[in-house]
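Visitor: Residue numbers (my numbering), protein chains in the order written: chain A, 118 to 399; chain B, 6 to 308.
Only pairs whose alpha carbons sit at most 25 Å apart, straight line, appear in this in silico DSS-like list of lysine-lysine: (1) Lys-23(B) to Lys-395(A); (2) Lys-177(B) to Lys-146(B); (3) Lys-136(A) to Lys-139(B); (4) Lys-118(B) to Lys-139(B); (5) Lys-92(B) to Lys-139(B); (6) Lys-393(A) to Lys-92(B); (7) Lys-216(B) to Lys-395(A); (8) Lys-393(A) to Lys-73(B); (9) Lys-274(A) to Lys-346(A); (10) Lys-393(A) to Lys-29(B).
With the C-beta cut set under 8 Å, the calculated list includes, among others, these residues of chain A facing chain B: (11) Leu-121; (12) Thr-128; (13) Arg-135; (14) Ile-223; (15) Arg-227; (16) Asp-396; (17) Ile-397.
Just so you know, the hints here were simulated from the structure itself, not pulled from any lab data.
Ideal Cβ placement from N, Cα and C applies to all residues, glycine included.
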Amino acid sequence: MNLLFLNLVQTELYKIFRKGRSYIGFGAIAFIVIVIQIALFVDGESYLELGTQSLKDSFTFQGNLLNGYLSVFIILSSLWVHIPFLIALVAGDLIAGEAAAGTLRILLIRPISRTQIIWAKFTAVLIYVLAIVVFMAALSIGTGLLIFGEGDLFVMKDMLYIFDSSDALWRILASFAFSFLSMSMVASLAFMLSAVVDSSLGPIIMTMSIIIVFMIVSSIDLSIFRAVKPFMFTTYMGAWREFFSDPVDWHKVNTAVVALVTHIFIFLGFTTWYFKRKDILT
Amino acid sequence: MNATPIIQTTQLSKQFDKFTAVNKLDLTIYQGDVYGFLGPNGAGKSTTIRMLMSLIFPSAGSISIFGKELKDNREHILSRIGAIIEKPDFYNYLTALQNLEMLNKLQSARLSKDKLYEILELVGLKGREKSKVKTFSQGMKQRLGFAQALMHNPDLIILDEPTNGLDPQGVKDVRDLILKLNKEQGKTILISSHILSEIEIICNRMIIIQKGSKVVEGSVNELLSFNELHVSFEFEDDTKALTFINEHDFLAKKFIEVVHQRYHFNLLSTEVAQINKLFLDHGFAVKSMIPVRSLEDYFLNMT
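Bound conformation, chain A alone (with noise of 0.2 Å):
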């Protein structure tokens, strides 16, 4: 990696985050996680009250429940619709918006490939990216432990997982690290619609709807849909949930990584070879 490339890089990341939109990201994060902990703190209690409902007959709760792990695992389950859209906001105008500002053209007469700069551009989105999960992990572990404290993890999906608190921890931060993958997935769909189109607008539009329409079609339990879902990256961007299982289907983990790697390297690679014959009109 030569110092042309980590500059180039620096500069990236520079201008994102000189950008009031990049901290719109966090500042939304902050807003729900605090105010699903404070939902949490008031009226948590009900909450499980209702989720324990069904179980009361067969077993005693002991312990405590609404703990830290407990309000993060719900702040994961809330969060993954509001994120890729957060994440498009940056991503879908790293190209776009530039060149609807006039300034990817004095970015492009520089003796730089263009190879190099999507390159870049990519490496910093992935950076940002990272930021965003690093700080949602941080802030709902630290608040959640701080406000409810340690304790088992209690899970319902298609049976009753109850996960040990030390046993906890590693599942959500392989969570969080499998959410950073689809969340670059994300970021580079967003990337590649903004290599596509000079405005920003555009590619986030467009990356949510794409979204959208793929876990609808996801949802419908159809033949023809059963089909195509296997070709669709939403029906892999849930597979943190995985982590939540005992014992852990690493298969499915396995496979969802690769489909999703997968997919960035298609639009990486979709990006560089279009963006290398672009003709630069604004």
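Fit chain B to the supplied structure of chain A, relying on the hints for placement.
Guide: Just chain B, lined up with the frame of chain A:
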């Protein structure tokens, strides 16, 4: 003038769907030229310049710069070119200095902060280094455009409509800067414009294109000496001026019309002084003499 070609295009063409923006354009710019690239709006000047800067890819033909094919030596060639392409755009949320510092990071040979300050002073932005670009007028952005074009000491400078948005003093400053860069530092300069008079003052060679095709290329002196000027004269007392003009074959041939006591002639540049003397010798005190030459007139004369 050194006969080494710095830029050479061969049958350069660009097609956008069914529209031909540039059509088999051959041009040659030599080392040390201040080369005028003229044409009316929409002639294909900016498209050609974008192809030279590899912002746009040719549909056909080739571009050679510094003796190398552009498509195979892009980064090396661009490292020796500084350019302003149309209206220069910058990161409005950054200051002038921050914009240059950012671009400075992308160069192999970095400039010191002092040097960046010097460049900003050279282009007339002293005192505005730490102002955000969003507060700049178009003229100030144009000056900053010059700064980013010059900061890596390029051998070739390409300027697309460099005086756009500048006041008369600014236009003069740009003209002086271009002449200084050419005469003192030996830089080759390509200037595109739709204003012939601007090109005439500073360029030694020029090309005129129309609808994507070359109309004429050559030395400015040679091309424009055969071009007639439209000159209007005003006299202190013009009572007998019209009679005098009609009595002299030479004047009558050159005469166009009189409008609001201004007598309009089509003259070669070498004939202007001759006619002025003729009037003075016959007692007609010339109050004013205004030459007007537009690109449109040039085209009309060419056809």
